[in-house]
Amino acid sequence: MKKPFAITLDPGSSLANHTGSWRTVRPVYVDRLPPCNDACPSGENIQGWLFHAESGDYEKAWRLLTEANPLPACMGRVCYHPCETACNRAQLDECVGVNAIERFIGDEALKHGWKFTPPAKSTGMRVLVVGAGPSGLSAAYQLARVGHTVTVREAGPLAGGMMRFGIPKYRLPRAVLDAEIARIAALGVSIELNAKVDDVLAAKRDGHYDAVFLAVGAHIAKRAYLPAGSAGRMLDAVEVLRSMEGEDRPLLGRRVVVYGGGNTALDVARTAKRLGAEESVIVYRRTREKMPAHDAELEEALQEGVLVKWLSTIREAGESSITVEKMTLDDKGMAQPTGEFETLAADSVVLALGQDVDLSLLDGVPGLEIDGGVVKVDANMMTGHPGIFAGGDMVPGERTVTVGIGHGKLAARNIDAWLRGETWTHPQRHEIASFDKLNTWYYSDAPKAQRPVLDMVRRQSTFEEVVGGFDPATAQFEARRCLSCGNCFECDNCYGVCPDNAVIKLGAGNRYAFNYDYCKGCGLCVSECPCGAIRTQPEEI
Amino acid sequence: MLKQVEGSAAVAEAIALCRPQVICAYPISPQTHIVEALGRRVDAGELAPCEFVNVESEFAAMSVAIGASATGARAYTATASQGLLFMAEAVYNAAGLGLPIVMTVANRAIGAPINIWNDHTDALSQRDCGWLQLFAEDNQEALDLHIQAFRLAEELSLPVMVCMDGFILTHAYERVDMPTQAQVDSYLPPYEPRQVLDPADPVSIGAMVGPEAFMEVRYLAHAKQQQALELIPAWADEFRRVFGRPSGGLVHEYRTSDADVIVVALGSVLGTIKDTVDMMRDEGFRIGVLGITCFRPWPSVAVRNALQRAKRVVVLEKSLAVGMGGIVGNNVSASFSGSPDRVHTVIAGLGGRSITRGSLRRVFEQALTDSLEPLTFLDLDRALVDRVLERERVQRRSGPIAEGILKDLGVVAAKTG
Amino acid sequence: MSYQPIRFYQTGTFTVGNRLLPEAQRSVQSGRERTNSLNSGHRACQGCGEALGARYAIDAAMAATNRQLVAANATGCLEVFSTPYPETSWQIPWIHSLFGNAAAVGTGIAAALRVQGKRDVRVVAQGGDGGTTDIGFGCLSGMFERNDDVLYICYDNEAYMNTGVQRSSATPPAARTNTTMPVGESTGARFGQGKNLPLIAMAHEIPYVATATVAELRDLEAKVRRAMEFRGARYIHVLVPCPLGWGHGSAETIKMARLAQETALFPVFEAEHGEVTNVSKIRRQLPVENYLKPQTRFAHLFKPPGHADLVARIQALADRNVQRFGLVGDAEDAQ
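Chains A, B and C, in that order, are what the protein sequence lines are.
Per numbering that gives the first Met the number 0, residue 0 is the first one in the first sequence, and the count goes up by one each step.
Per numbering that gives the first Met the number 0, residue 0 is the first one in the second sequence, and the count goes up by one each step.
Per numbering that gives the first Met the number 0, residue 0 is the first one in the third sequence, and the count goes up by one each step.
Hints are computed from structural coordinates only; laboratory data are not their basis.
The beta carbon of each residue, even a glycine, is placed where N, CA and C say it ideally should be.
Don't take every hint at face value.
SDA-like mimics (lysine to any residue), calculated; alpha carbons at most 20 Å apart, straight line [unchecked claim]:
{"no.": "1", "chain 1": "A", "residue 1": "K436", "chain 2": "C", "residue 2": "K117"}
{"no.": "2", "chain 1": "A", "residue 1": "K2", "chain 2": "B", "residue 2": "L219"}
{"no.": "3", "chain 1": "A", "residue 1": "K2", "chain 2": "B", "residue 2": "T368"}
{"no.": "4", "chain 1": "A", "residue 1": "K2", "chain 2": "B", "residue 2": "V300"}
{"no.": "5", "chain 1": "A", "residue 1": "K504", "chain 2": "C", "residue 2": "G30"}
{"no.": "6", "chain 1": "A", "residue 1": "K2", "chain 2": "B", "residue 2": "P399"}
{"no.": "7", "chain 1": "A", "residue 1": "K1", "chain 2": "B", "residue 2": "R381"}
{"no.": "8", "chain 1": "A", "residue 1": "K168", "chain 2": "A", "residue 2": "K59"}
{"no.": "9", "chain 1": "A", "residue 1": "K2", "chain 2": "B", "residue 2": "Y218"}
{"no.": "10", "chain 1": "A", "residue 1": "K59", "chain 2": "C", "residue 2": "R145"}
{"no.": "11", "chain 1": "C", "residue 1": "K117", "chain 2": "B", "residue 2": "L219"}
{"no.": "12", "chain 1": "A", "residue 1": "K2", "chain 2": "B", "residue 2": "I115"}
Here are the in silico distance ranges between beta carbons for each label pair [stated by the list, open to error]:
{"no.": "13", "chain 1": "C", "residue 1": "M180", "chain 2": "A", "residue 2": "R428", "range": "49 to 57 Å"}
{"no.": "14", "chain 1": "B", "residue 1": "S353", "chain 2": "C", "residue 2": "T162", "range": "32 to 40 Å"}
{"no.": "15", "chain 1": "C", "residue 1": "N65", "chain 2": "A", "residue 2": "F4", "range": "29 to 37 Å"}
{"no.": "16", "chain 1": "B", "residue 1": "P48", "chain 2": "C", "residue 2": "S185", "range": "54 to 62 Å"}
{"no.": "17", "chain 1": "B", "residue 1": "A47", "chain 2": "C", "residue 2": "E228", "range": "25 to 33 Å"}
{"no.": "18", "chain 1": "C", "residue 1": "Q322", "chain 2": "A", "residue 2": "D92", "range": "24 to 32 Å"}
{"no.": "19", "chain 1": "C", "residue 1": "D329", "chain 2": "B", "residue 2": "P48", "range": "49 to 57 Å"}
{"no.": "20", "chain 1": "A", "residue 1": "E288", "chain 2": "C", "residue 2": "E274", "range": "54 to 62 Å"}
{"no.": "21", "chain 1": "C", "residue 1": "M180", "chain 2": "B", "residue 2": "Q394", "range": "56 to 64 Å"}
{"no.": "22", "chain 1": "A", "residue 1": "L91", "chain 2": "C", "residue 2": "Q322", "range": "52 to 60 Å"}
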């Protein structure tokens, strides 16, 4: 075509005009730290595995999840999910049910028999893990994944630690626990049962171990001085819960009093109910708000008929009754006695006042320090004795299964580095993807899905699991409630909203890039990114 | 084939023979009979495939033609007078975009005061718009020029306006020789657009052009019109070859070879002028006629060549550049190599005022006797205008001139201020 | 809402794309193969709503017509920023003729295509609010009335922005423009003036009329697609905020469009043959202040002592829209 001069132009020729020169600020893609990930004591990349769960690729989700935590089916039942507390979605409607999805994924893995990928090659290094609780299993798993030869020595008859001996089976069915432990063993971890370590240095030397991870937990019940009238049944919670795993169930009587305000107290009270107690009463010295137990647990216990005697301490335990003193909270929130007393009928009293660590295996370890009944470790989870690391309930910190798993992972990273003569350093943490970074308009309105709950009669009389799992559709729905805070989930918004076509879509899984030849720096992509994965920075002019 | 038909019908049939594809029209006298005839043919399916679009204004008419032409369709419209002014913006635009639209202008005066009769003010108001402007002397030429117009437009990628006098030609029944479809087809090949809106080969038509290239765009438009000065005679020759009769071209000379006075004019008035000249020739006056067929581009050389031996040139025109004088006369002066004061302008026939042989003879004789004013208004009621002017001098703000005249004529009882 | 909303996919149908959707259900804009009908390098201001809206609409039209599309463009920002010699941003056959004749040029194109037997090539005519509601209104009404086979798209930024922000018949009441300055007793553009072109288009009983905003891409695309299912005259009125003329940040263009819809000041609906057939329910209704306050063209309403009465009148206009179009209700299709 002989086009008329200047009036008629060839298509798309404005590409010659690089409007990027107009820009005073430039957008850049970032990965911000989602609050859930930030809050997870196990260091799970929750947003990351939810991303795969959203598309129904549960195996991929499981593989990413288990990079941090080898026990998702367990944790999906017993974790107190700080992730959900931190979840930005809570500010929109309700938090994402991360815990329930984790359980679904964990159960899927068990159902389909997914196995961990064995290491490409062995490092030839040997590591001893003392204790087969969550922390020990976590460390063993992480160390085995990178090719170390790991032996776990467990004093008890079964692996699982507090997951088995502290958490009732109505919360964590043992088949689930067994299957997840078996999967770790299948990775090549040797678990020796009834193999108590009495002297850690000797064990290390005799077994030619290059490093040791101590995770013996805290199993010795704390006692409180109670003037006890002779024959009253006085038990401790750990003992009660442990005995639930054996043949002979504890005899608690018709009226059971549990003393304490932690989760263990609730576990025992609920267990007592299931064992046939007519009354199961928790005596706690402060108020519901001050109770360390998780509210969801308390709620379930109350539903099941457990009673709580708030602001009360046990002053005396008699044969079939106890005397409690009413307390009051002072202005610092501490419980103070009032001098008012009350008598409660009780066939047995269970003390749930916390646990201490059995530190006898550490006697004479040079450099190892103990403080307040727990082992001191540095930031790299190493005790004062080189090559001996420790974690879980035996080191300072919150005593939860999730924290234990996190300790195991962290210790394993450090042990691995230490074995290579290096020091592991935590990668730079990204800026938190706080709620204000999001453009939540883009997310569908979707209330949180609820897990099915066992009906009350069965809850009060059997040890069947109380809280059910999601069906696949519900699990996927719930996963898709994730806002993907701070991390691109390839919604194409930036690609779409750019008036200058200055965003290059790199294809599925590869996200996007800016074409700074044309980007005018308007910032629309930043405003309209739902998840806060773009920020602007001043252009150097 | 010889036919005795109304001018509008003859033009409509010629347009039809040119196989137009999109015809758009908005009614305005005296153009209506042309588009009515075409509309009937389209509705009857005689022109298929052809679209006839009843638009809501002349501005839309030209705009529809622009869209159609840019999409590769042979587009035609017709208008007159106010309509031409109403579409003026689009008229310029069609030329600027280089779209070969053909439009008939059934020449008519422009108001106010509103007037439906013939003069050339409408077409000449658009003399700088970039269109080719051809003026027909009679209905045969009107018919022929339309056929040539499409050929020229498409050859040059420029729009062409064919001007024919309203009523005098459009509504006059004359004998015409109507060509056959085969003749027209051999003269006018299918439209091959220079630029076209085609998804297979996209272009952007109608860019914004700034100071850096606007002069060049305008120069090129001018240069293209200069090229037309060569093409127009060539395609007129070709027309003669195909159709067997002379028609079109830049100018027609009539008895000019030995003329002392040459009368220059456009359109149908040339017939009356030639009759007058014949009469005067019989009496021995050395007078001739130069008919301007092509007003744009202005055929300077042809005009100069035709007029160079004349002692006096009388430009008789049906248009007035108010405040200046004759438009055609001004163009002639610019081309005439002799002294400009030998060019006399006679404004005649405005708003359909009859131009009689008697009146013409009077001014021609004045020219021959060197007594013609440089600017003359033929048959002007001098007494009447003098009265109005006198009143104006006495009383400013005396109301619209038209009202004043009507009052003087006693036609209406106008309110006096 | 004219498309089937996607439920439970993290972002539903609000985002441009969604990796969880089958390819066929994804938006045109999310595709790497989208035509970018309006290419990079155009000279629109930063954050220009019209540039965005035009690419959204024309890309959608290209997709709906299998890339058999011709466009006529009115004079205005869109034309000026896209085709300054020697470069054009358009990748489609495109013509600019005049300010007031885009609809008629579209008619001409459609007529030419019909005689050429090119039934598959479709025509879009487009312009800003000035070129549509004011100077081009005659041609547009003619095109509607003849039911010519043209889709006319108005990109409404509520004033003459190209010439430096003057009032048009689409300028909302109380808005400051350079010809409706809130000085002296004046409080910006007058109440009781202005044209509602979608309703006027409906009065022509043309096959299809729709409104849309740049804030809801999927809805806009669906409407363009729907429009292309009809033959005859069709009209889509797209609200395209203008950072320059409205006085909001360049990053807030989409937000403003969203607020216009969520405050009910800009009802989003579609109509066929003169009857409303679909209304986009407001998802989270907001008071008009939320929309007015971020824009400097309304700043005089909030300067002490403020014009609570005028804000109330604007709220009344929004409330009337709610009533008239049923904008609030079952949120079922607001997903």
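For this session: Confirm or reject the claim that B:P48 and C:S185 have a C-beta distance inside 54 to 62 Å.
Result: 56 Å, holds
Problem set entry | Pairwise beta carbon distance, C:M180 to A:R428, judged against the given window 49 to 57 Å | 52 Å, holds
For this session: Mind checking the alpha carbons of A:K2 and B:I115 for me, to see if they're no more than 20 Å apart?
Result: 41 Å, violated
Problem set entry | Hint consistency between C:K117 and B:L219 [alpha-carbon to alpha-carbon, up to 20 Å] | 33 Å, violated
Exercise. Measuring from beta carbon to beta carbon, are C:N65 and A:F4 in 29 to 37 Å?
Worked result: 33 Å Cβ-Cβ, so the 29 to 37 Å window holds.
For this session: Take a look at whether the Cβ-Cβ distance between C:M180 and B:Q394 falls inside 56 to 64 Å.
Result: Since the Cβ atoms of C:M180 and B:Q394 sit about 42 Å apart, the hinted range of 56 to 64 Å is violated.
Problem set entry | Satisfaction of hint between B:Y218 and A:K2, Cα-Cα up to 20 Å | OK: A:K2 and B:Y218 at ~16 Å, within 20 Å.
Problem set entry | Pairwise hint evaluation, C:G30 against A:K504, where the allowed Cα distance is 20 Å at most | Holds: A:K504 and C:G30 sit about 9 Å apart, inside 20 Å.
Problem set entry | Given hint B:L219 paired with A:K2 - CA-CA distance at most 20 Å | 13 Å, holds
Exercise. Taken at face value, is the distance from the CA of B:R381 to the CA of A:K1 at most 20 Å?
Worked result: Violated - the C-alpha atoms of B:R381 and A:K1 are around 56 Å apart, more than 20 Å.
Problem set entry | Agreement of A:K2 and B:P399 with the hint, judged by alpha carbon distance not exceeding 20 Å | 50 Å, violated
For this session: Take a quick look at whether A:K436 and C:K117 sit within 20 Å of each other, Cα to Cα.
Result: 51 Å, violated
Comparing the model with each numbered hint stated earlier shows that hints 1, 3, 4, 6, 7, 8, 10, 11, 12, 14, 21, 22 do not hold.
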